[in-house]
Amino acid sequence: MAYSDMVMDHFKNPRNVGKIDDADGVGEVGNARCGDIMKVYIKVNENIITDVKFNTYGCASAIATSSIATEMIKGKTLDEALKLTNKAVVEALDGLPPAKVHCSVLAEEAVKAAIADYYKNMGIDKKIDIPCGDEHCCCHRHDK
Amino acid sequence: MAYSDMVMDHFKNPRNVGKIDDADGVGEVGNARCGDIMKVYIKVNENIITDVKFNTYGCASAIATSSIATEMIKGKTLDEALKLTNKAVVEALDGLPPAKVHCSVLAEEAVKAAIADYYKNMGIDKKIDIPCGDEHCCCHRHDK
Amino acid sequence: MKLVYADNAATTEMSERAKQAFLDNIDNYGNPSSLHNMGSKAAQVLDNSRERVAKALGCESRELYFTSGGSESDNWAIKGAAISMRKKGKTHIISTAFEHHAVLHTLESLEKQGFSVTYLNVYEDGYVRTEDLKTAITDNTGLVTIMYANNEIGTVMPIAEIGAICREKGIIFHTDAVQAVGHIEIDVKKQNIDLLSLSAHKFHGPKGIGALYIRKGIVIPNLMDGGAQERGKRAGTENIAAAAATAAALEEALTDLEKKNNRVSALRDKLIDGLLKIERSRLNGGISPRLSGNVSVCFEGVEGEALLLSLDLKGISASSGSACTSGSLEPSHVLLALGLPHEIAHGSLRLSLCDFNTEEDVDYILSVIPEIIDRLRDMSPVWETIKANEGKR
Amino acid sequence: MKLVYADNAATTEMSERAKQAFLDNIDNYGNPSSLHNMGSKAAQVLDNSRERVAKALGCESRELYFTSGGSESDNWAIKGAAISMRKKGKTHIISTAFEHHAVLHTLESLEKQGFSVTYLNVYEDGYVRTEDLKTAITDNTGLVTIMYANNEIGTVMPIAEIGAICREKGIIFHTDAVQAVGHIEIDVKKQNIDLLSLSAHKFHGPKGIGALYIRKGIVIPNLMDGGAQERGKRAGTENIAAAAATAAALEEALTDLEKKNNRVSALRDKLIDGLLKIERSRLNGGISPRLSGNVSVCFEGVEGEALLLSLDLKGISASSGSACTSGSLEPSHVLLALGLPHEIAHGSLRLSLCDFNTEEDVDYILSVIPEIIDRLRDMSPVWETIKANEGKR
Ligand SMILES: Cc1ncc(COP(=O)(O)O)c(C=O)c1O
Ligand SMILES: Cc1ncc(COP(=O)(O)O)c(C=O)c1O
Chain H
1 MAYSDMVMDH FKNPRNVGKI DDADGVGEVG NARCGDIMKV YIKVNENIIT DVKFNTYGCA
61 SAIATSSIAT EMIKGKTLDE ALKLTNKAVV EALDGLPPAK VHCSVLAEEA VKAAIADYYK
121 NMGIDKKIDI PCGDEHCCCH RHDK
Chain E
1 MAYSDMVMDH FKNPRNVGKI DDADGVGEVG NARCGDIMKV YIKVNENIIT DVKFNTYGCA
61 SAIATSSIAT EMIKGKTLDE ALKLTNKAVV EALDGLPPAK VHCSVLAEEA VKAAIADYYK
121 NMGIDKKIDI PCGDEHCCCH RHDK
Chain G
1 MKLVYADNAA TTEMSERAKQ AFLDNIDNYG NPSSLHNMGS KAAQVLDNSR ERVAKALGCE
61 SRELYFTSGG SESDNWAIKG AAISMRKKGK THIISTAFEH HAVLHTLESL EKQGFSVTYL
121 NVYEDGYVRT EDLKTAITDN TGLVTIMYAN NEIGTVMPIA EIGAICREKG IIFHTDAVQA
181 VGHIEIDVKK QNIDLLSLSA HKFHGPKGIG ALYIRKGIVI PNLMDGGAQE RGKRAGTENI
241 AAAAATAAAL EEALTDLEKK NNRVSALRDK LIDGLLKIER SRLNGGISPR LSGNVSVCFE
301 GVEGEALLLS LDLKGISASS GSACTSGSLE PSHVLLALGL PHEIAHGSLR LSLCDFNTEE
361 DVDYILSVIP EIIDRLRDMS PVWETIKANE GKR
Chain V
1 MKLVYADNAA TTEMSERAKQ AFLDNIDNYG NPSSLHNMGS KAAQVLDNSR ERVAKALGCE
61 SRELYFTSGG SESDNWAIKG AAISMRKKGK THIISTAFEH HAVLHTLESL EKQGFSVTYL
121 NVYEDGYVRT EDLKTAITDN TGLVTIMYAN NEIGTVMPIA EIGAICREKG IIFHTDAVQA
181 VGHIEIDVKK QNIDLLSLSA HKFHGPKGIG ALYIRKGIVI PNLMDGGAQE RGKRAGTENI
241 AAAAATAAAL EEALTDLEKK NNRVSALRDK LIDGLLKIER SRLNGGISPR LSGNVSVCFE
301 GVEGEALLLS LDLKGISASS GSACTSGSLE PSHVLLALGL PHEIAHGSLR LSLCDFNTEE
361 DVDYILSVIP EIIDRLRDMS PVWETIKANE GKR
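Protein chains in written order, with this note's numbering: chain H, 1 to 144; chain E, 1 to 144; chain G, 1 to 393; chain V, 1 to 393.
Any given hint could turn out to be false.
As the list claims (entries may be wrong) - With a cut-off of at most 16 Å between alpha-carbon atoms, the simulated EDC-like pairs for lysine to aspartate or glutamate come out as follows:
no.: 1; chain 1: G; residue 1: K19; chain 2: V; residue 2: E371
no.: 2; chain 1: G; residue 1: K314; chain 2: H; residue 2: D94
no.: 3; chain 1: H; residue 1: K12; chain 2: G; residue 2: D378
no.: 4; chain 1: G; residue 1: K41; chain 2: V; residue 2: E13
no.: 5; chain 1: G; residue 1: K19; chain 2: V; residue 2: D24
no.: 6; chain 1: V; residue 1: K41; chain 2: G; residue 2: E13
no.: 7; chain 1: H; residue 1: K19; chain 2: G; residue 2: E13
no.: 8; chain 1: H; residue 1: K12; chain 2: G; residue 2: E13
no.: 9; chain 1: H; residue 1: K12; chain 2: G; residue 2: D312
Note that these hints are calculated values from the structure, not bench results.
Work the whole structure out from these sequences, hints included.
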């Protein structure tokens with residue numbers, strides 16, 4: 001199993017690591033039992049994601065997908081950010097080993113969960129389709 | 001499967017190769033189907049084996065056992081020669097690989113068959129016990 | 001950058017003597033089954049190598065069969081013994097839950113064929129209890145297969161006691177000694193072992209070769225049918241150079257073994273002590289008896305692969321769980337067998353030292369790990385939660 | 001004394017390129033399953049080697065599995081296919097009477113488990129007839145295993161035709177191509193081969209490594225259960241250096257193959273012509289298609305081992321029947337399958353040339369053999385009888 005240079009770069013120097021104490025939205029997905037948890041924080045101004053940070057517990061590709069996904073949504077409108085797919089994340093990283101594709105799904109979910117949280121906080125009723133958002137999502141559901 | 005130096009010596013320079021046209025006794029054992037035939041010729045004078053020759057079709061150890069067995073009975077009395085055992089032949093050759101022990105049995109048989117033939121020619125009724133003397137002796141009977 | 005290879009339980013570098021023995025025979029290419037001189041020369045080296053390996057185990061040459069490695073030896077021993085015991089009407093096997101996959105998956109395939117397997121508990125400390133073995137034995141038990149030393153956590157099982165129990169009950173006893181041979185003094189006769197698997201690349205020998213000891217009197221069918229090699233029990237043209245290198249490596253490994261083990265276990269203990277200073281870390285498996293080179297720890301709030309790769313970037317080769325399974329998402333079955341919760345087992349690190357490692361290696365590892373752990377914990381929401389809960393208490 | 005190695009069907013010398021590839025990787029000792037850099041470096045060489053071997057056979061990398069050699073590949077393919085076909089309710093296998101023991105003994109073990117095997121006639125010339133195959137196929141047939149080229153007499157089977165017939169009938173087709181790979185242009189796709197066994201040491205590669213090609217879509221259970229190596233299909237820490245050497249050897253063997261084969265078969269034909277000048281000699285097996293290096297002759301009135309050892313004393317390495325069985329007293333099952341009487345089969349000699357052999361080698365062999373035959377016939381009572389009978393006619 002070899003990671004691409006992009007994955008290694010984002011693992012070694014992850015962008016946007018950290019927390020936003022006064023975040024407008026926070027999304028957390030995965031669980032410790034499965035070996036990965038991603039937590040994404042966003043600041044939103046006029047529908048634009050002005051700042052984003054993440055904290056991730058997980059393997060190198062979990063860290064790298066979090067890093068690149070946050071990069072991909074930074075400065076984007078919420079609607080643009082909602083179009084983020086795990087496929088786009090995998091492509092941006094020049095590929096992931098098959099066993100690690102589930103990390104890209106988690107990253108997509110984490111972003112969407114943060115946006116959903118933002119809408120909830122704003123009292124805006126917007127249905128967001130999260131691939132596998134519930135907390136009890138089984139570890140292997142993303143492998144297939 | 002490695003042969004001892006003695007076996008190789010008797011294979012390379014077999015003693016007593018040949019035929020005796022006016023032999024007093026000739027013994028042939030083994031069969032071509034099994035891959036080895038030994039034919040031993042003896043000249044007898046006053047119960048002493050004065051000359052002995054052999055012809056052998058067979059593997060290196062068949063040739064070596066024929067060679068050493070003829071050496072071992074040359075100049076001996078018939079009674080002494082009849083005491084030749086395959087074990088003695090194996091020992092004289094510093095051992096034989098297990099799969100080749102049957103050759104030493106053949107050599108013992110060939111000598112005994114030649115002596116038996118001598119007695120028969122002389123009209124002497126003497127019972128000689130040949131381990132496996134009949135022509136149809138199966139190839140593998142000596143392996144055990 | 002300093003390079004430290006600390007993954008010797010996964011595989012080892014060939015020793016100079018092993019390499020030399022290999023190279024000395026690379027042109028000794030005859031087929032040992034051939035009758036000509038080229039063949040005999042090869043056969044001589046094969047015989048000599050077999051004798052030397054047999055001697056190192058305390059058995060006779062003719063009880064030792066070369067194979068392609070530890071996995072083949074395990075498959076042959078267990079599948080073979082299973083077929084033999086079934087002929088005697090027995091279908092129950094006893095093993096442990098933390099065997100190597102070469103044993104576990106073999107047992108699973110036998111379970112599908114109607115055998116039943118009892119997996120003994122190895123408790124939190126990673127040791128089998130002989131009382132549990134005695135309790136598990138029934139009239140239907142035909143085989144006990146228990147590893148000599150665990151590949152992940154290094155705990156060493158009470159093999160002689162297990163051997164004595166099995167011999168008394170007339171049960172075949174196989175031990176996967178892949179991690180033990182070359183590292184622990186073994187005497188298959190004294191220890192009443194019937195079948196023993198070894199693999200050369202775990203003691204500085206070459207890859208692709210191992211052996212199975214089959215005690216005289218134990219009859220198991222072949223796994224590999226074919227030519228008359230290995231006295232008709234294991235077909236395949238023999239790898240002479242590798243056999244010679246195996247013998248050389250094993251002899252070298254056993255020379256001054258105690259001295260080497262003392263040195264290596266001192267390094268190990270220094271490493272363990274240093275690592276356990278890190279908060280919320282723990283040692284996996286008991287400390288004694290333990291392979292002299294094995295360090296297995298878990299760090300809470302950190303995931304093993306990220307830890308491994310961070311170490312790799314610092315020139316340190318290590319492993320998390322066993323190498324074979326590290327591509328998967330499941331934490332190691334060994335750590336789970338110890339009763340560790342998934343979330344803690346995910347944070348495991350195995351550093352396996354050998355006598356090529358130095359004190360500088362250990363110091364270097366200890367200088368590097370804490371900052372890596374800190375960095376990973378800093379970005380870990382799990383660690384955040386742990387800390388938050390601590391604060392609450 | 002001149003030394004001539006003419007036993008290349010038993011095993012070959014490693015080529016310089018293969019040795020170099022091996023040595024280049026002897027320190028690339030990481031475990032490919034390991035996540036660290038040492039592991040990835042090893043994994044890269046493994047992947048690259050697999051690709052190159054796959055390319056040489058015309059298949060995809062993921063259809064190629066490294067094993068410990070030809071015997072393991074044969075055992076895995078045949079035992080595996082047998083289990084798979086039994087699940088579909090089929091228990092009939094078709095093979096030939098002159099397969100290598102790795103196939104024959106495997107089939108025998110299956111016969112004991114309730115499979116039935118039809119052994120096709122190979123006639124006096126050593127070729128399978130496709131009409132016989134068609135006749136032998138029943139609704140119960142699940143596997144056809146027919147060797148690509150015979151190891152003793154060098155005859156080459158109509159593999160593409162056999163492949164086409166099997167594919168049409170939906171029967172799994174395995175070929176033991178141990179003697180063919182590296183010597184004959186093979187394309188498993190065009191030839192409709194489902195399973196193919198190869199062994200590196202038969203084409204100037206290292207010993208202890210081989211491969212099994214398993215066509216995508218063919219599912220057979222593992223022979224070697226355990227770790228996740230070879231995509232979970234063949235457990236055991238991989239032998240990187242040997243894999244690299246296998247790829248190097250195979251590529252080298254296939255470079256200018258036709259040119260090499262033309263040269264070697266010219267040597268072969270010169271040798272055959274020379275040997276057949278000896279009275280009461282005969283060529284075993286048809287001349288075409290035949291492996292470019294194979295010479296197999298019988299000399300009446302002479303026993304093979306004595307002939308072999310006499311040649312060995314002159315520096316010539318050859319074989320009688322196959323190397324594996326030459327310790328036994330039975331004449332080769334291959335020669336018996338051709339219908340040769342025992343007494344003639346006993347006098348067999350196999351000289352197997354490769355592209356390392358020269359015309360001088362052939363001239364030397366031809367200068368030596370007649371006097372050896374004369375000497376042995378001079379002391380042979382069988383020859384005496386033959387001559388006597390000739391006199392009578
Ligand atoms: C036709 C054939 N099949 C199988 C084998 C077995 O190969 P290996 O000895 O590499 O296991 C051989 C060679 O011994 C062979 O010639
Ligand atoms: C305990 C144990 N058993 C079996 C094996 C398998 O050995 P090999 O990879 O040489 O087949 C290993 C190593 O991978 C091991 O550590």
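Verification of the supplied hints:
Between K19/G and E371/V the alpha-carbon distance is near 44 Å, which puts this suggested pair outside the 16 Å criterion. Annotation: proposed proximity of K314/G to D94/H is violated, straight-line Cα distance about 24 Å (limit 16 Å). Distance hint between K12/H and D378/G is fulfilled; the C-alpha atoms sit about 14 Å from each other, no more than 16 Å. Restraint check for K41/G and E13/V: satisfied, since their Cα atoms lie roughly 14 Å apart, inside the 16 Å limit.
Under the criterion of a C-alpha separation no larger than 16 Å, the hint pairing K19/G with D24/V is consistent with the structure, at around 13 Å. Taking the CA atoms of K41/V and E13/G, the gap is near 14 Å; set against the 16 Å cutoff, the hint holds. Of the pairs offered as hints, the one joining K19/H and E13/G is violated, with about 44 Å between alpha carbons and a cut-off of 16 Å exceeded. This hinted pair does not check out: K12/H and E13/G have alpha carbons roughly 28 Å apart, beyond 16 Å.
This hinted pair checks out: K12/H and D312/G have alpha carbons roughly 11 Å apart, not beyond 16 Å.
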